[in-house]
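Colleague: Now for the letters of each chain:
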Amino acid sequence: MELFFLSLLLIFSGGALALILQRFFNPMKASSSLFIAVGCLLGLIHAGTWMARAGEAAATVYSIEYLNAFTLAFRIDGLSAFFLIAIHLVSMLAAVYSFHYMDHAEKPLATAVNYFFFSLLVGSMALVVAADNMITFMLAWEIMSLSSFFLVIHNPDAAENRRAAYLYFVFSHVGAMFIFAAFGVMYAYSGVFDFGSVGAMPDAAKILALVFAFIGFGSKAGVFPFHVWLPHAHPAAPSHISAVMSGVMIKTGIYGILRMYGLIGFHGPVFGEIVLAAGIVSGILGVVYALGQHDLKRLLAYSSVENIGIILIGIGIGMIGVAADRPMMAMLGFAGGLLHVLNHAIFKSLLFLGAGGVLQKTGIRTMDALGGLLKNMKVTGTTFLVGSLAVSGLPPLNGFVGEFFIYIGGFSGATPGGRPFISCMAAIVGLAIIGGLALACFTKVMGVVFQGEPRSEAAKDVGEAGAAMRLPMIVLAGACLVIGLFPTGFVLMAVEGVSALGLGYDTGELGTFIQITGNITRGGAVFFIVFLTILAMRKVLYRDKTVSRGGTWGCGFTRPTPRMQYTASSYSGSILEFFRPVAPLHETHPPIRGRFPDRTHYHSHVDDIAEKGMTPGVVRPVLFLFDKLRWIQHGDIHLYIGYILLAIVALLFFV
Amino acid sequence: MNQPADAILSLVLLSILFSFGSSRLPSLIKAVAFQGIVVSLVPLFVGHELTAGGVIFTQVTLLIRGILIPLCIYMAIKKVRIRREVEPIVGYHASMLAGLALIVAAIAFSRKFDLPGIGQYALLLPTAIALLVAGMFLLMARRNAIAMVLGYITMENGIYLVGATFSVRAQHIVEFGILLDVLAGVMIMAVILQNIKQTLDDVDTALLRTLKE
Amino acid sequence: MVELVFIVPLVAGALAFFMLGRSGRPLLVLTGAVHLALSVYLWVRRPEALLPGYFGVTPEGLLSLIVISLLFFLISIYTQTYLARSEVKSENIFTGSMLLFLSTMTMVTLSDHIMVMWIAIEATTLASAPLIYTHRTGASLEATWKYVLICSVGIALALLGSVLITVAMDVGGVTSALSFSSLTEEAKRLDPTWLKVGFVFILVGYGTKMGLAPMHTWLPDAHSEAPSPASALLSGVLLNCAYLGIFKTHKIMVAAGLGGFSGMILIVFGLMSILAAATFILKQTEYKRLLAYSSIENMGIIAFGTGVGGLGAYGAVLCLIHHSLIKSSLFLTSGNLLLGYGGRLISDTGNLIKEMPRTFVAFFAGFAGISGIPPFGIFIGELFIILGAFRAGHYVAVGLFLLSLCVIFGGFAHHAMKISFEESPKAVEMKESITLVWPQYGLLLTSLILCFWIPDTLYQTIIQAVTTIGGGF
Amino acid sequence: MIKPILFWLLAMLTAPFFSAVILKVKAFFGGKKGPPILINYYTLFKLFQKGSVYSHSTTFIFKMGPMISLGAAVTALLFLPIAGQPPMFSWHGDVILVLYLLGLGRFFTIAAAMDTASPFEGMGAAREAYFPIICEATLFLTLILFFMLSGELRLSAYFFGGEPLHLWRAAGAPLFFVVIALFIVLLTENTRVPVDDPATHLELTMIHEVMVLDHSGPDLGMIELGSYIKLFFYSTIVTRLIWPYDMGNAFVDGALFAAAMLAVYGVVGITESVMARYRMDKVPKFVLTSFALVFFATIITLEFMK
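Protein chains in written order, with this note's numbering: chain A, 28 to 682; chain B, 23 to 235; chain C, 3 to 475; chain D, 10 to 315.
One should not assume that every hint holds.
[As the list claims (entries may be wrong)] Straight-line Cα separation of at most 25 Å, SDA-like style, residue types lysine to any residue; simulated pairs:
id, chain 1, residue 1, chain 2, residue 2
1, A, K402, A, G505
2, D, K59, A, H613
3, C, K433, A, V140
4, B, K219, B, R46
5, A, K405, A, K487
6, A, K134, C, V430
7, C, K91, B, D224
8, C, K356, A, V140
9, D, K294, A, K487
10, B, K101, C, I9
11, C, K91, B, Q220
12, D, K72, A, S575
13, A, K639, C, H416
14, D, K294, A, A610
15, C, K91, B, F135
16, D, K294, A, V297
Hints are computed from structural coordinates only; laboratory data are not their basis.
Please model the entire structure based on the sequences and the hints provided.
Modeller: Next comes the structure, spelled out in structure tokens:
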């Protein structure tokens with residue numbers, strides 16, 4: 028535990044240092060990112076060692092007196108440790124990355140403030156997953172929200188950033204209110220703040236608390252339809268912040284759901300089915316909207332919604348498994364979900380860092396203005412390719428492993444008879460569709476952004492990102508491959524996390540897990556062998572052959588230009604057509620008419636139905652309702668005095 | 023009706039009707055002054071045996087409630103010289119009817135409780151309630167700022183009448199403090215009235231409705 | 003000795019009326035300092051009053067007193083520069099009234115006698131009326147008129163309520179002093195019906211002063227028309243004084259075993275106030291009115307918490323303290339906005355972060371604090387109130403409570419974003435001198451520290467105060 | 010251990026031959042003599058002889074495309090019981106791995122196409138990304154059905170030896186729907202008529218053929234080989250379902266299996282000759298029917314098993 032707090036100290040001092048040294052730009056960046064990175068490294072070591080000796084050691088507990096009568100309690104168990112690993116890993120790399128990324132020397136104060144809140148965010152995230160009573164949790168949670176808000180509003184000059192920040196602020200506050208409510212229901216029965224001793228509650232109260240918690244945490248995790256803030260906020264923040272937010276911060280929502288589930292211990296199938304349904308919807312809609320985006324970072328943000336969906340599918344299967352009393356199914360579902368938490372943290376942050384590199388070098392976020400970057404940004408492009416493969420859930424990368432476990436879990440629930448069947452069927456088919464769409468989505472990104480020819484001047488002959496930016500990407504890409512090929516250790520960590528839920532299943536099925544992961548490893552190995560053989564074969568075939576270069580075959584068209592390339596919108600057009608009911612596609616292109624037609628253009632965008640529905644569904648009714656009440660303050664003193672009399676008379680009736 | 027107190031209290035009830043009916047401020051002020059004098063005299067008749075302090079204090083009350091307070095308002099009008107009459111929200115005849123109804127209601131209502139000490143004074147409680155509500159009524163039914171202030175004073179008189187008969191009596195010093203507060207309040211209101219007149223050149227509160235949502 | 007605390011500012015105030023020009027300003031700070039010192043002494047020694055039965059040192063009174071003292075001291079510092087920057091006619095009246103205001107409020111916190119409490123509270127109205135009229139505009143005149151009349155009427159009702167409590171005494175045959183302390187001891191023997199009626203009148207009466215809906219109507223006008231330091235005092239501590247009256251009466255009710263009755267009434271009025279605040283915060287156009295309504299909201303929250311009792315009551319007291327600190331800092335900041343942008347409309351402001359960075363820090367921190375976001379204390383207070391309300395089983399009430407808090411946050415955040423980040427209609431040239439920002443920083447820092455560490459003596463005092471209304475955990 | 014390898018190699022060797030059958034059938038229906046039955050071997054040989062021309066626009070992904078798609082197909086074949094013989098590898102959940110490996114192949118085919126900056130190839134890529142999504146849904150639904158029937162999650166549990174017969178016994182008639190659905194998937198995944206016309210000459214209407222426009226020499230050869238093997242993979246699945254019997258003798262089984270395969274390829278050929286290509290926006294409906302069929306089958310069987 029000391030190590031844990033030491034790491035926090037380092038992280039926070041890194042932030043403070045930034046404010047102190049703001050006069051000297053580079054030293055400030057260097058020292059601050061160094062402190063934060065080292066702090067995260069310590070935290071990583073701490074969580075890692077905890078995991079290593081998880082078997083024998085019980086949960087680590089630590090508590091400080093707070094406001095004379097209360098305590099700030101911290102507790103590290105498998106679940107916390109698992110999330111801590113993800114948090115510290117990503118934050119560490121983001122901190123390193125930031126050194127070359129934050130290059131606006133003309134705005135030292137803004138940069139320093141950014142570092143300050145960055146450190147605050149990292150530290151508070153760690154505290155959130157370590158908190159062991161309501162007060163501690165909410166304190167850390169709110170500080171996390173506040174600091175991330177300031178990171179989103181990093182550049183307030185752009186109107187859309189301001190809107191994003193506002194949306195995010197409101198959503199996180201409303202979410203917090205729901206979490207308050209959930210805790211309130213728990214407290215109503217227990218009367219103590221500690222998570223440890225949640226009293227016995229009637230099932231109705233349990234469901235109530237869980238649903239409140241699901242809404243509250245879901246709005247942080249970006250579960251449809253509470254995700255509205257997410258695709259606005261993530262692009263607004265600097266890329267390494269987006270990486271942290273999308274990679275780990277939204278996962279604290281998942282952590283909250285899991286933790287509450289473990290604490291309240293409601294084992295009816297209802298909640299599991301709610302979670303599963305939400306997961307499927309978020310997954311499919313998330314990736315569909317991702318397909319519809321033109322802004323690279325917005326696309327990645329929506330893809331986060333999708334992956335949260337996948338995670339929830341896993342968790343939902345786990346919960347249903349618990350409800351149906353099928354330990355194997357439950358373990359597989361939960362483990363798969365947790366593992367995907369780690370995996371998504373890794374590859375999504377990798378993708379965001381890549382996007383940051385592109386943004387920094389070209390200054391463009393619109394994909395249809397990019398292209399051919401792979402030739403000049405080898406490292407960025409290649410790592411981005413790895414990330415895309417991983418996010419599409421393809422073997423032999425880490426994205427596949429988590430989904431694989433969720434699949435197996437789903438199948439083990441899909442035996443005829445019994446309530447789980449339908450849910451599992453939906454889950455499996457949903458996963459399959461999500462997988463296919465994700466593939467389409469990220470082939471589009473790769474193809475449009477990194478391959479082909481540059482579509483604009485700004486995208487031509489750009490330089491490679493700085494060393495401090497390349498290193499994290501390489502590490503993350505490596506991590507994708509390692510987990511994809513040798514998942515055993517990580518799966519065991521996930522299982523350790525699941526066991527912290529106190530489901531009472533002995534981790535005796537570990538054998539099965541190891542067997543499965545072994546198969547994955549073997550499958551990867553087989554594929555690699557085959558691939559290498561083919562590679563060798565290819566070498567042989569190409570020995571002393573004439574290999575020349577020429578222009579792309581234009582199918583008889585002699586003068587192809589980059590502007591003729593397939594664009595992001597045209598690539599995804601037909602698929603979006605299929606999903607038009609849930610993703611209304613708006614196109615504008617003035618038709619070509621006359622003998623000498625003037626320039627035409629094509630613009631398209633996809634509506635997020637949740638966002639569209641928010642205004643008429645929530646905002647307008649509220650405004651209407653309260654507008655109706657405004658007349659009471661009409662300025663006439665006679666009636667004001669009348670109110671007083673009214674109040675008296677009304678009250679006298681109750682005496 | 024065998025008590026002398028009740029006799030003067032009935033006059034007070036009359037004065038309420040009068041004040042409801044009168045459209046002219048000076049007469050309204052006179053009515054209020056009369057009420058002030060009466061309510062400050064009532065304790066002489068009611069309940070507790072009189073100490074010397076009691077007598078002195080009664081005189082002081084008389085001075086303030088009966089003379090000083092009305093005088094403040096009178097000065098205020100003198101200074102501002104109301105030119106035209108401000109139409110009330112509730113007309114004068116309607117007000118009179120309301121006043122009658124009010125008094126009846128007050129008497130009926132006050133039959134409900136029997137309070138220790140004042141059992142035998144039939145009109146004490148009705149008058150108190152009537153004054154209270156009448157003040158409220160003036161506050162809500164008159165657009166003329168001065169009339170509203172007078173309404174406030176009427177209310178105060180009513181409350182004093184209630185208070186006059188219970189343990190509060192015990193501590194004159196406290197009573198005196200309350201009295202000073204009321205006096206100061208009325209003075210400040212008078213000042214405000216003058217300012218209103220100067221800035222708006224009228225005392226119609228309909229003009230004071232700019233601050234609203 | 004106790005009485006000295008309000009006699010000193012009384013004398014100083016009387017003096018200030020005759021000090022011409024700006025000579026009154028140092029007197030403000032000086033008196034503030036002395037007052038602070040005296041209050042601290044009172045806090046430490048808890049001496050007996052010269053007139054026991056009329057005055058007395060109670061824990062809840064001490065809490066309000068120390069807050070008042072601290073606030074007044076910082077505000078008086080701010081006022082120096084504020085007066086220098088803004089043209090205030092007849093400064094001597096302003097300073098004089100400020101000091102009298104301080105003295106009367108102190109008297110409220112120290113009074114133990116029902117009637118004395120009433121006298122003091124009425125006196126605060128009278129002392130603060132000139133402050134609201136400082137700017138001598140038509141609007142300020144209207145505000146003053148409404149303030150004085152509505153509050154006087156309301157407080158007259160409170161007087162009636164106090165009288166009715168004496169009726170309850172006579173009916174119950176209690177012949178003790180009229181002091182809160184002795185009544186709380188005798189509470190069981192008081193006649194319940196008359197006690198209830200009395201409480202109703204007192205609640206409505208002092209509620210008018212405290213700004214509980216629907217009697218809050220005067221509050222936004224007065225707070226927005228008064229000069230910022232005065233608004234800071236009005237919103238920061240005057241409301242607390244009115245609350246003190248209700249608190250003490252509620253204490254008697256609880257002691258008489260009628261806590262359920264009074265608590266339910268408090269909850270209802272609290273919710274109504276929060277809803278009213280939500281109504282007007284959503285589409286507010288002036289930032290000072292915005293803050294005023296937010297005060298109504300917080301008073302509602304405090305009333306709600308008091309009504310809930312238990313953990314909620316503890317939370318309510320925390321909210322009371324932190325609201326005073328944060329809200330007054332916000333009002334001082336609004337003074338800076340007024341000086342800087344020269345308009346009181348939200349649409350006149352904008353891009354505070356660039357125009358007045360230091361003020362921005364104070365403003366945004368204040369906004370976050372008042373919305374119940376850590377590291378500021380209202381967060382912990384609201385948390386306790388909500389948990390307490392659930393514990394007490396008021397599910398529907400707390401549901402409404404949470405929803406309206408969400409609405410209010412949505413509205414307030416919208417305006418805060420506009421003020422802080424949107425384009426500014428005009429460039430601001432205002433020097434943010436130390437005295438214009440550090441008082442706010444001081445207040446906010448206090449709130450921040452109190453969110454993580456409460457000195458034991460303060461904690462003990464709060465607990466003593468809260469347990470008397472069935473609070474605690 | 011030898012037998013699986015043998016059959017695996019055999020499969021890869023014969024795959025081009027089988028797809029040549031389709032051409033023959035089409036030629037027959039067109040009243041033509043048609044290309045020699047070994048045409049595909051000649052093509053491959055010719056291609057492997059040649060060198061390559063690469064576009065300026067392309068990167069290493071362009072070269073990886075053919076290798077990975079071929080590799081994926083070959084690896085997939087490793088898990089498939091050919092002619093009812095045991096596969097080389099088989100474990101719990103290998104089906105999912107295989108399907109996702111094919112997905113990997115698709116990813117790189119598309120990426121390679123996007124690499125050329127050619128509008129036509131982009132068009133093809135878009136379609137290649139679109140239609141298989143529904144196929145995957147169908148396949149996974151089929152998988153659920155098979156899992157229900159056999160209780161296992163491995164290819165060999167469905168297609169090894171007499172296992173298909175067990176499937177038939179357990180499910181009965183509904184399995185016909187599955188066969189049809191799988192046939193539709195076969196057509197779609199391998200971009201045959203009516204989804205795509207490999208023989209067309211208008212790039213605008215192509216899917217697979219247009220994506221490989223820029224590949225040349227051995228690269229193109231690998232792609233061709235890969236597609237043959239992929240086709241073989243799917244046809245094997247269909248074949249095993251329509252010829253579920255197990256004679257117990259490897260050679261007999263092999264022979265009968267080959268015959269059944271010929272039949273399936275023949276049907277593909279017939280479909281190609283009697284049907285015209287669908288309009289692109291009609292294709293999804295066509296593929297969706299397969300999903301509907303399997304869904305139907307699953308529900309019915311669920312009722313049966315209750």
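Colleague: Is the hinted pair K101 (chain B) and I9 (chain C) satisfied, with a Cα-Cα distance of at most 25 Å?
Modeller: Violated, because 35 Å separates the two Cα atoms, which is more than 25 Å.
Colleague: Within a Cα-Cα threshold of 25 Å, do K294 (chain D) and A610 (chain A) meet the stated pairing?
Modeller: 19 Å, holds
Colleague: Decide if the proposed pair is consistent with the structure: K402 (chain A) and G505 (chain A), CA atoms, cutoff 25 Å inclusive.
Modeller: 21 Å, holds
Colleague: Checking one constraint from the list: CA of K134 (chain A) to CA of V430 (chain C), max 25 Å. Satisfied?
Modeller: The hint holds at about 21 Å.
Colleague: Are the Cα atoms of K294 (chain D) and V297 (chain A) separated by 25 Å or less?
Modeller: Roughly 34 Å between the alpha carbons, so the hint for K294 (chain D) and V297 (chain A) is violated.
Colleague: Run the distance test for K639 (chain A) versus H416 (chain C): straight-line Cα separation, threshold 25 Å.
Modeller: 19 Å, holds
Colleague: When you check the alpha-carbon spacing of K59 (chain D) and H613 (chain A), does it fall within 25 Å?
Modeller: With Cα atoms ~48 Å apart, K59 (chain D) and H613 (chain A) exceed 25 Å; violated.
Colleague: Assess, step by step, whether the Cα of K219 (chain B) is no farther than 25 Å from the Cα of R46 (chain B), and give holds or violated.
Modeller: 17 Å, holds
Colleague: When you check the alpha-carbon spacing of K72 (chain D) and S575 (chain A), does it fall within 25 Å?
Modeller: Between K72 (chain D) and S575 (chain A) the Cα gap is close to 14 Å, so the pair holds against 25 Å.
Colleague: For the pair we were handed, K433 (chain C) and V140 (chain A), check the Cα-Cα distance against 25 Å.
Modeller: Given that 25 Å is the threshold and the Cα spacing comes to 23 Å, the pair holds.
Colleague: Tell me if the straight-line CA distance from K91 (chain C) to F135 (chain B) falls inside 25 Å.
Modeller: This hinted pair is violated, its Cα atoms lying about 54 Å apart.
Colleague: Would you check the hint for K294 (chain D) and K487 (chain A), treating anything up to 25 Å between C-alpha atoms as holding?
Modeller: Cα-Cα ~41 Å, so violated.
Consistency note: the structure conflicts with the earlier hints numbered 2, 9, 10, 15 and 16.
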